[in-house]
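Participant: Spelled out from the first residue to the last, the chains are:
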Amino acid sequence: MTEPMIKTDHLSHTYEDEDGKVVYALKDISLEIGKGEFVAIIGTNGSGKSTLAKHFNVLLTPTSGTCEVCGMRTDDPDNIWKIRQHVGMVFQNPDNQIVAAVVKEDVAFGPENLGVPSDEIKTRVSDALRRVNMTIYAKHGPHLLSGGQKQRVAIAGILAMQCDCIVLDEPTAMLDPVGRKEVMDTLHQLHDEGITIIIITHFMEEAVQADRVVVVDQAELKMDGAPRDVFTHVKELKAMGLDVPVAAELAERLRQKGLDLPDSIITEEELGDALCQLS
Amino acid sequence: MSIKLSNVTYTYGIGTPFEKTALYDTDVEIHEGEFVGIIGHTGSGKSTLVQILNGLIKPTSGTVTVDGTDIGKKTKEAMAVRHKVGMVFQYPEYQLFEETIAKDIAFGPRNFGLSEEEITERVKEAMDFVGLDYKTYADRSPFRLSGGQMRRVAIAGVIAIHPSYLILDEPSAGLDPIGRREIFSEIQRWHQEKGITVILVSHNMDDISRLASRLLVLSHGHIVLDGEPLNIFATQQQALHDAGVSVPPVTGALQYLQGRGFAVDDRVRTVEEGAQAIFDCLKGGKGHAH
Chain A
1 MTEPMIKTDH
11 LSHTYEDEDG
21 KVVYALKDIS
31 LEIGKGEFVA
41 IIGTNGSGKS
51 TLAKHFNVLL
61 TPTSGTCEVC
71 GMRTDDPDNI
81 WKIRQHVGMV
91 FQNPDNQIVA
101 AVVKEDVAFG
111 PENLGVPSDE
121 IKTRVSDALR
131 RVNMTIYAKH
141 GPHLLSGGQK
151 QRVAIAGILA
161 MQCDCIVLDE
171 PTAMLDPVGR
181 KEVMDTLHQL
191 HDEGITIIII
201 THFMEEAVQA
211 DRVVVVDQAE
221 LKMDGAPRDV
231 FTHVKELKAM
241 GLDVPVAAEL
251 AERLRQKGLD
261 LPDSIITEEE
271 LGDALCQLS
Chain B
1 MSIKLSNVTY
11 TYGIGTPFEK
21 TALYDTDVEI
31 HEGEFVGIIG
41 HTGSGKSTLV
51 QILNGLIKPT
61 SGTVTVDGTD
71 IGKKTKEAMA
81 VRHKVGMVFQ
91 YPEYQLFEET
101 IAKDIAFGPR
111 NFGLSEEEIT
121 ERVKEAMDFV
131 GLDYKTYADR
141 SPFRLSGGQM
151 RRVAIAGVIA
161 IHPSYLILDE
171 PSAGLDPIGR
181 REIFSEIQRW
191 HQEKGITVIL
201 VSHNMDDISR
211 LASRLLVLSH
221 GHIVLDGEPL
231 NIFATQQQAL
241 HDAGVSVPPV
251 TGALQYLQGR
261 GFAVDDRVRT
271 VEEGAQAIFD
281 CLKGGKGHAH
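Protein chains in written order, with UniProt numbering: chain A, 1 to 279; chain B, 1 to 290.
Same shape as in the complex, but just chain A:
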């Protein structure tokens, strides 16, 4: 594995419920995400996946265990701002994260707060907008953009801070199919440029595009591997209340009906190939 971008070691996060009982939001998570990886985190609502992601840019710190970003511990207050210059976060609702009245000013907000000289801000902003394919919207009002475009502006804001890791918490949940594709295409392109991408999603067609899928269930890390290794466990994932890519589920159901299909199928193409072999 390459040098770790993020490393958690026996990370737990607890809180007290209304009756004063200790509840684990995360329990004993040891996870290493290398620089340049494209990781999808999946899990049901309340599984702890968002809580985990919030540890990656110090919105939360572990109750016990540690979390390190680029070798810096997140529980050292001196590291917070350095870490946030590495890891930027994009949230689900695009309307909640836009602060300025003009797209390019919104993208400039991060570097301005870092005290970057204004000439350099200009360069960074135009570079960031180009990388998310939003250059022609630089002078638009963000409220007139589509959801997919707003999310790309949010990503540009992170790029303008020169972060090398983007954590996205269900960035496509509110978008139409076109907007979802725009965001995913942008993430793939940034990944090709070497940016580490960590995406939380309920859409299995998105998770299957990642290099690696991490499954969190009931506060614990349950599976971690290539999409093929994870999504072929159809029964286990279903038991956790998760979906699998449609080709994997079709294959599983056809096996139950007695068809002799390999259990490695996760894409439509593989399903088609296997069915051709049969007939």
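Just so you know, not all the hints are guaranteed correct.
If you only want the chain A side, here are some residues facing chain B, beta carbon under 7 Å, derived [as the list claims (entries may be wrong)]:
no.: 1; residue: G46
no.: 2; residue: D176
no.: 3; residue: G179
no.: 4; residue: L190
no.: 5; residue: A239
no.: 6; residue: G241
no.: 7; residue: D243
no.: 8; residue: A247
no.: 9; residue: L250
no.: 10; residue: K257
no.: 11; residue: L261
no.: 12; residue: P262
Computed beta-carbon distance windows for the label pairs [said to hold, decoys possible]:
no.: 13; chain 1: A; residue 1: A101; chain 2: B; residue 2: G15; range: 19 to 27 Å
no.: 14; chain 1: A; residue 1: H188; chain 2: B; residue 2: T270; range: 28 to 36 Å
no.: 15; chain 1: B; residue 1: S115; chain 2: A; residue 2: S30; range: 54 to 62 Å
no.: 16; chain 1: A; residue 1: D127; chain 2: B; residue 2: T136; range: 50 to 58 Å
Using 25 Å as the maximum straight-line C-alpha spacing, the simulated BS3-like pairs for lysine-lysine come out as follows [said to hold, decoys possible]:
no.: 17; chain 1: A; residue 1: K35; chain 2: A; residue 2: K7
no.: 18; chain 1: B; residue 1: K135; chain 2: A; residue 2: K21
no.: 19; chain 1: A; residue 1: K257; chain 2: A; residue 2: K54
no.: 20; chain 1: B; residue 1: K135; chain 2: A; residue 2: K139
no.: 21; chain 1: B; residue 1: K283; chain 2: A; residue 2: K257
To be clear, the hints were calculated from the coordinates, so they are not data collected in a lab.
Values in this document were obtained by computation on a predicted structure and should not be read as measured data.
The beta carbon of each residue, even a glycine, is placed where N, CA and C say it ideally should be.
Since the structure of chain A is provided, determine the placement of chain B on it from the hints.
Facilitator: Quick look at chain B alone, frame taken from chain A:
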């Protein structure tokens, strides 16, 4: 009994540089007891349409009638029929505001002037309906719940006004598969048991194909397709693509197999039916064209 739009056009910001027509000369009638799915790209006019259906915005031209009464008029009858249309907005959990769950759900019925006993009855019924135990949850703060539970409280608040027409804008966005199934089985039960008309706006084609009896596809302010969902998904791929929407994943997979020469039926509502269709196709020996 129906909601009927006649020649409805809606233009935002008339006379300003931002003037934009969101809905053009639309005629549509939604009949009592239907389960209508509405899909379309961002900016297609879906939200404008549902806000007009609910009387939240008035058409620039044209009329909207609910059960025969023009809701654009300021008569008592118009006010009364508007109460028949309930709307659950996107991310309704952000609209919770009361100290307790019971008070929050009671807000609608109380505004309609019901007695305290009736209000309590409505709250109990609505909580029961969305699967929240009255004894356990009535006096809790809605803000200590999980996102999925908060959304159910918000839906219960709309259910409690006993709408004849229930409009839901993306009720499943951000919910996991189980949460989605729970919310929809509740809505489906309400639809079936109470004969309530449901209008569902969603980007989730799975939900639409599983639940809706009729599908409206909007694009650039026009209703471009109106029909039975499975028919539309099976025959209108190009029109759907042009409208910026897609077929459900399972339909997509079956259509991919059709493209590879399998004579598989793609009119299915669920993955289970999809697997059966593939199985039948292979067993019938009509599968293979290679």
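Participant: Would you pick out the hints that fail for this structure and give their numbers low to high?
Facilitator: Checked against the structure, the hints that fail are numbers 4, 5, 11, 12, 19, 20, while the rest are satisfied.
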